[in-house]
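A.B. asks: What follows is each chain in one-letter form.
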Amino acid sequence: MNAITVSDLTRVFGDFVAVDHVSFDVRKGEVFGFLGSNGAGKSTTIRMLCGLLKPTSGTALVGGIDVSRDPEGVKRRIGYMSQRFSLYEQLTVDQNIRFFGGIYGLTAERLEQRRAFVLDMAGLHGRERTKASDLAGGWRQRLALGCAILHEPPIVFLDEPTGGVDPVSRRQFWTLIDQLAETGITVLVTTHYLDEAEHCHRIAIIHAGRLAALGSTTELKRVFAGRTILEVQSDDPVQAMRALDAMDDVEKTSVFGTAVHAVMRHEAATDTDGLGTRLAGAGVQARHIEPVEPSLEDVFLDVVAEAGA
Amino acid sequence: MRKALSVGRKEVRQILRDRRSLMLLLFVPAFFLLVYGYALNWDIRHVHLAIEDRDRTAASRSIVSAFVNSGYFDLVADVRGPDDITQLMNHGSARAIVVIPNGLSRDLAAGRTVPVQVLLDGDNANTATTVMGYALTILQSESAKYRMVTGTIGGPSVSAVPRVWYNPQLRSTLFLVPGLIAYIVMITSVVSTSLSIVREKERGTMEQVRMAPLDAGSFVLGKSIPYYLISLASALTILFVAMLLFGLPMRGSWLVLLGTISLYLIGALGLGLLVSSIADTQQVAFQVAVLASFLPTLMLSGFIFPIASMPPFLQGVTYIVPARYFLIALRGIVLKGAGLAIIWPQLLSLVAYSCVVLLLASLRLRRQWR
Ligand SMILES: Nc1ncnc2c1ncn2[C@@H]1O[C@H](COP(=O)(O)OP(=O)(O)OP(=O)(O)O)[C@@H](O)[C@H]1O
Ligand SMILES: [Mg+2]
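Residue numbers (this note's numbering), protein chains in the order written: chain A, 1014 to 1322; chain B, 222 to 591.
Among these hints, one or two may not hold up.
For each label pair, taking beta carbons as the anchor points, the in silico distance ranges come out as [to be verified]:
(1) PHE1026(A) x LEU584(B): 47 to 55 angstroms
(2) LEU569(B) x ALA1121(A): 21 to 29 angstroms
(3) GLY1136(A) x ARG240(B): 26 to 34 angstroms
(4) GLY425(B) x PRO1167(A): 21 to 29 angstroms
(5) PRO1167(A) x LEU569(B): 50 to 58 angstroms
(6) THR1231(A) x ARG587(B): 33 to 41 angstroms
Derived from the structure by calculation, the hints contain no laboratory data.
Ideal Cβ positions, reconstructed from N, Cα and C, are used throughout, including at glycine.
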């Protein structure tokens, strides 16, 4: 059974369509990623699924309940961690946990249990009396996650949980997400980071309010079937990009650090030496050229360009 | 209800964390009172007075001694004619001159109205008004003796109409305290409730709270109770300070007093909620809260400007200013010992105000909550 079923979900602000007929399913126990650039409509979609925002049209079943009909019923079955840090900064770790436990209506006994669990999970034992505002990013985020799942919801929505957090903490956070998923909890998570998206079982790429692509990483990479990506290392990537763009068999290029990825129109076009010579003809010294597997970033750029066209 | 308590406990902790604001809420009011109280308690005394007694009878001497014994005037000269008056005024050696007409005693006995002229040095309008207030009161109480004497005022400051601070007891502070309570309590409760809710909207904690199975009512109740208690404490602090330092009497029942303050507070908190349902940022909330609470309470409640002397339109507006009713009730309870039998119309108006404001606020907040 699906934990979440979304069909033609749409949200309009004034005459601006923030979410445009989005449809997808999320399976039980799945880690489902929402990938999209700023303003793509990720948060708006999540807020509709949480019952915080009324959809303009379309339906969403969360845990089998229609969000438009019974937003309260949905809220009881889900956890939500908003994009902004939304704990009380002036209160201590402990006070935050107790407050959220209180408004979720946990009994004293259950609250004690869950409090211990959250302190464990967030690695905050011994820091119960620290003010939330004094916590470093990673701890804050884990505390926020803990407070969002105090009532043990089977479905959890995380809106950019790792925004503004250092790489080590990000990795730790994803370990937590994996652990949640192992206990059968469904996780829908949005992110900007493509490396994080690789942790997800399936990914939805959202662009300008529309669902541009959906599938596992492997499935998504299939958009490059019939095409090859050549990675060109050179001293002047910008110059190299210009030269490549001028060639007929290069569909498009994008810069990856000091390298340039050139998407070749045909799989056959893997004549790296020939390309090197042609580049030299255009005045660009390529240090190294090799065919590479498409990364998620290649996929993202490709999908977004297609969706924009 | 348990959830409302959780919200309340959290709010109290947040308030306690923010010691500076708490101190501000609790003690600035009392400080205000001290400043205003002492400033205004410097009732003008030792006003240099000259008297021209053209009657020279027992009746006229009684008026003279009423002025001298009032404690506000020092008799500095005896006026013998118009030249004296000009000279005294021009040199500033007398700030007030009372002219008792010839035939006062006779006319009083005949039951006729006798004009007693009071000339005032109008260079300081405030002093002049206050002095005029003294003179009027003294003449009125004398007049009460004869039931017929009326003071007529003339001189340089005639145009200064009896004003604001004037009060029959000549005790500014006592009259001021109820107004200060009305005004301070209004500000603390409207501003602090609206800010505390809008802050949650701004910081995103509201959204997190809305995810919990908690209805808007419990949230609002939990958030309001601490501010209700603080505002109540603040009001009582002012009262106690005024009793201790300025001899403010407390002639009525404490229970009625607490009830009246509470009613007023509920209306004020309701207004705060209404403001928070309109504003999305703390800055806007603050501005709206100040506009909606501070100005009307200060200007349109009868605290500073008497309602009777306002233009008819503004007089109409004062009917929706809760402080208008609160002031009358509070003055009644504290100064006159009035009970429910007397102040019920005011209390009823406060109840009506609270109901309307709370209804509007809850309609708006509930809609935003979903
Ligand atoms: N309440 C609102 N009123 C008007 N426009 C809104 C509102 N909320 C969001 N939008 C607009 O809808 C679009 C999508 O916003 P959304 O927050 O869903 O994007 P996002 O994908 O979460 O972006 P980000 O990565 O920056 O968080 C944006 O252009 C935003 O300005
Ligand atoms: Mg977002």
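A.B. asks: Each hint needs a verdict: does it hold in this structure or not?
C.D. replies: Results for each hint:
1. PHE1026(A) x LEU584(B): 47 to 55 angstroms: 23 angstroms, violated
2. LEU569(B) x ALA1121(A): 21 to 29 angstroms: Because 44 angstroms falls outside the window, the suggested range is violated.
3. GLY1136(A) x ARG240(B): 26 to 34 angstroms: 30 angstroms, holds
4. GLY425(B) x PRO1167(A): 21 to 29 angstroms: With a Cβ separation near 24 angstroms, GLY425(B) and PRO1167(A) satisfy 21 to 29 angstroms, so the hint holds.
5. PRO1167(A) x LEU569(B): 50 to 58 angstroms: For PRO1167(A) and LEU569(B) the Cβ distance comes to about 53 angstroms; the hint holds.
6. THR1231(A) x ARG587(B): 33 to 41 angstroms: Given range 33 to 41 angstroms: violated, Cβ gap about 48 angstroms.
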